[in-house]
Amino acid sequence: MEQQRDASSLGMWLFLATEIMFFGGMFCAYLIYRLWYYPEFAAASNSLDIALGTVNTAVLICSSLTVVLAVRAAQLGKRQAQVIYLALTLVLGLAFLGVKGIEWTSKFREHHIPGASFHFEGEVPGHPGQPVDQQHAQIFFSLYFAMTGMHALHMIIGVGIFSYLTFYAWKGRYTPEYHTPLENSGLYWHFVDIIWIYLFPLLYLIDRKK
Amino acid sequence: MSEHIVTFKTNVAVWLALLALTGVTTGVAFIDLGPLNTVVALVIATCKALLVVLIFMHVKYASDKLVKVVVISALFFLMLLLGLSLADYSTRLL
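Protein chains in written order, with the working numbering: chain W, 67 to 276; chain C, 123 to 216.
Simulated from the structure, these hints should not be mistaken for laboratory data.
Misleading hints may appear alongside valid ones.
Claimed, not checked - Straight-line distance between alpha carbons at most 30 Å, and here's what the computed DSSO-like set of lysine-lysine pairs gives:
{"id": "1", "chain 1": "W", "residue 1": "K237", "chain 2": "C", "residue 2": "K131"}
{"id": "2", "chain 1": "C", "residue 1": "K131", "chain 2": "C", "residue 2": "K187"}
{"id": "3", "chain 1": "W", "residue 1": "K144", "chain 2": "W", "residue 2": "K237"}
{"id": "4", "chain 1": "W", "residue 1": "K144", "chain 2": "C", "residue 2": "K131"}
{"id": "5", "chain 1": "W", "residue 1": "K237", "chain 2": "C", "residue 2": "K187"}
Said to hold, decoys possible - Sample of chain C residues facing chain W (criterion: CB under 8 Å; computed from the structure):
{"id": "6", "residue": "V192"}
{"id": "7", "residue": "V193"}
{"id": "8", "residue": "L200"}
{"id": "9", "residue": "A209"}
Being a predicted model, the structure only gives us computed values, none of them experimental.
Positions of the beta carbon are idealized from the N, C-alpha and C atoms, including for glycine.
With the sequences and hints as input, model every part of the structure.
In structure tokens form, the structure reads like this:
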């Protein structure tokens, strides 16, 4: 049993290693363009809603707590606590996606979606009046939507996985002897949380100082 | 059957630390530290990520050393990707 458990979490970590490199490519593109077009990146970053971004970070952190507590409940063989924590995780995951939806909707209204009707009228922090290059601002928003979009897709998959887990936890499938699906899905959920922990300062907090 | 079970107290302490660090990172972003703003933001993010990986993801308690090898080598290759790319692009004369 011990060996099987080690093997399954090793497999999960190998999968997460591929995910690190997948997101790593986007982070790398982000860093290079930020280096080149810093003024536009700072201006575009300031148009994001910092309050919603902070709240969403807190929501994800709370969902990570409910996940560890659900895994812990399974380790201790507490079925009811397991179901409650998993259901809370689902609620928090959906809340995150809802807030993301609100943010994207307002970006859509402001014509900040890259494409033919893209238009950005922000100011470069510390340099009011300096013209903002539309192409460079568009690169920021392309990266913003690609990165938060891929992150949200991972969240949607996570919500799917956790719906499945909640159902079978309710059926009493996960015991102190066998809860590998819970443990490995938990690893996935925390990984997605870590991606957001980096996305938040990189996208929202480039140059907020007054 | 020697799976390590993290105590409720530890989990809640890590959660509170993560929330506090989120508040700090947002607060510090409004203070002018020059180029240090980015450094501070990334250091705080890395502290948060370490807390999640070591405690929430149980890497600290992993009995299997292979898991640790995989985690460290994944980070090593990520650093190669980011480090070598930035070493190139940040020193080009365009």
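Numbered hints the structure breaks, given as an ascending list: 5 and 9
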